[in-house]
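Kindly generate the complete structure, drawing on both the sequences and the hints.
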Amino acid sequence: MEKGVSGDFIFKGVTVLFAFSILAILLLMVVEMARESLPAIGTFGWRFVIGRDWDAVQGNFGALSYIWGSVVSSILALLLATPLSVGTAIFITEIAPKKAGGLIASLVELLAAIPSVIYGLWGVLVMAPWLQKTVEPFLNDRLGFIPIFQGAPYGVSMLAAVFILMIMVVPIITSITKEVLLTVPQSQKEAAIALGATRWEMLRMAVLPYGKSGILGAVILGLGRAVGETMAVTMVIGNTPQISLSLLAPAYTMPSVIANEFAEATSKLHTSALMEIGLILLAVTLIINGLAQLLLWSVTRGQQRGGRP
Amino acid sequence: MTHLAWRKAKNAGMILLMASAALAVLVPLALIFVHIVRMGGSAVNLDFFTRIPSPPGEAGGGMANGMAGSAILIGLASFLGIPVGIFGAVYLSEYGGNRISAIIRFSADVLAGVPSIITGMVAYALLVVPMKGFSALAGALALALIMIPIVLRTTEEQLKLVPTSLREASLALGVPLWRTTLKVTLRSALTGVLTGILLAIARIAGETAPLLFTALGNQFWGWKLTQPIAAMPLQIFNFAISPYEDWHRLAWAGALVLVTVMFGLSLAARFFGRSRRY
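Going down the list, the sequences are from chains A and B. Using numbering that gives the first Met the number 0, the first residue of the first sequence is number 0, and each one after it goes up by one. Using numbering that gives the first Met the number 0, the first residue of the second sequence is number 0, and each one after it goes up by one.
Treat each hint with caution, since some may be false.
To be verified - Pairs of lysine to aspartate or glutamate residues, derived as EDC-like cross-links and limited to a Cα-Cα distance of at most 20 Å, are as follows:
no., chain 1, residue 1, chain 2, residue 2
1, B, K131, A, E260
2, B, K7, A, E93
3, B, K131, A, E263
4, A, K11, B, E167
5, B, K131, A, E31
6, A, K188, A, E200
7, A, K211, A, E189
8, B, K9, A, E93
9, B, K7, A, E189
10, A, K267, A, E31
11, B, K9, A, E200
12, A, K267, A, D54
13, B, K182, B, E156
14, B, K182, A, D7
Just so you know, the hints here were simulated from the structure itself, not pulled from any lab data. Just so we're clear, the structure is a prediction, and the values are computed from it rather than from any experiment.
So this is what it looks like as structure tokens:
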């Protein structure tokens, strides 16, 4: 009996230790990143986020071009991905026959399982040349009077990054939106149909308002993923630190500059500046993910969502 | 047009729009697969599995060292990450109070959303800096940090599905709680837990960003855990952005092998997942 009690004590101790290690890991991440960023924070202060100079030789670091690239690429990708994803999720849950819907849902999950480096491989060797030869010259010819379509077609560009990010976040938003839509009570839909609503009116009046906050959560989660996406974007965005209005111009994002420069950074200040970019990225994604989880939990009340962020 | 006809037309139009959204989503999937299978299929051969990459501009060669390196990294990451995930989940489902469990669950979900490149930076600060060099160990730590929240959340879901009566039956026979948890609760949820582990492995098998400045990559064979080690995703990345046609072929072949392995794991996971019954 005594042996059993002490076994229980040890076993519980181990589980407590491991469970709380999750909190420890999160804390450790924040502390380590902050500690490593201190030299850069001390040297540049706020100039770091409003400066555009990034000169490893002179030891002058300002991250604005990367912040710009991350913000623009993620937001544009989200603007394109949201209607596609919500449309697909509605099609899967409400419109398609059960079997077809299930098939599309598993294909979308397949899309989510492809590693980001393979998206990048396809992006840089297939999509970017296609953009350079076909899409970008076309946009420039027809719509070149708009500033966002001005400039030479490079292929690797902000546009390429937006497209690849869109492809990558669609499966996330779709699968979570699908889970959210499945929580809408059948009676709610039947009531709308009984009142004579068409299928679309039923969706618009009974389903979408009910799932509103959950869908918002799904979109925000997609945003978190887009902001942190590294490999695929690094491979197609052109890696040029500049702030250009044109979508055809190459750009640079926060994760990309870390991916490209971190291993080779020689000066302490350079490493620290990259760490500070990482710290900003971490803070942004923690806020975004926290917000998304809260929104989703309010819908599913802590039940498993199925889709993983 | 009558009002009813207008409503019906609008309904049809919207349904068409949503169907085309679903179709549009699947187009890139089809394109990516066609390219991987076509380009990769023509480049995979025996050499690919047995030889290390050729120097730039030279035909032939393979990714044998990358495959071995990835296997080592995944094995080590699993060794570090899976116990933490499983026993952490045991705490959440068997011991934890509601409040603290909710906080840990929430933290795990947030942790799962942290960009993988950040876990690489943390592993760099924790291991590469003190050890004064890139190492397989640091790469494995970065991957383990990604695995832990995934294994934790899937295991917890599986443990919750085990009926309380099973636990009570065991406890009533005088089996202490910890043995009950190991022999009854975890045992009954075993297939589900395995599913979660396979999914987590499939996830980290393709991770590249966290390895960039931890495992670093290696053009040759490397077996020491304290030295840089090759990994398949890193090789695919480096070859894809290189200007050499032959290296592009290797990258496609690597993509085909990687995707095949990952889908194999997902299928296995699904197979395990389906056969669970209590």
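The hints, checked one at a time:
1. K131(B) to E260(A): holds, 18 Å
2. K7(B) to E93(A): holds, 17 Å
3. K131(B) to E263(A): This hinted pair holds, its Cα atoms lying about 14 Å apart.
4. K11(A) to E167(B): This hinted pair holds, its Cα atoms lying about 18 Å apart.
5. K131(B) to E31(A): holds, 17 Å
6. K188(A) to E200(A): holds, 10 Å
7. K211(A) to E189(A): holds, 19 Å
8. K9(B) to E93(A): Judged against 20 Å, a Cα distance of about 17 Å means the pair holds.
9. K7(B) to E189(A): Distance of about 18 Å is within 20 Å: holds.
10. K267(A) to E31(A): The hint holds at about 15 Å.
11. K9(B) to E200(A): Satisfied, since the Cα-Cα distance of roughly 9 Å is no more than 20 Å.
12. K267(A) to D54(A): Holds, at roughly 14 Å.
13. K182(B) to E156(B): OK: K182(B) and E156(B) at ~18 Å, within 20 Å.
14. K182(B) to D7(A): Roughly 14 Å separates the two Cα atoms, so the pair holds.
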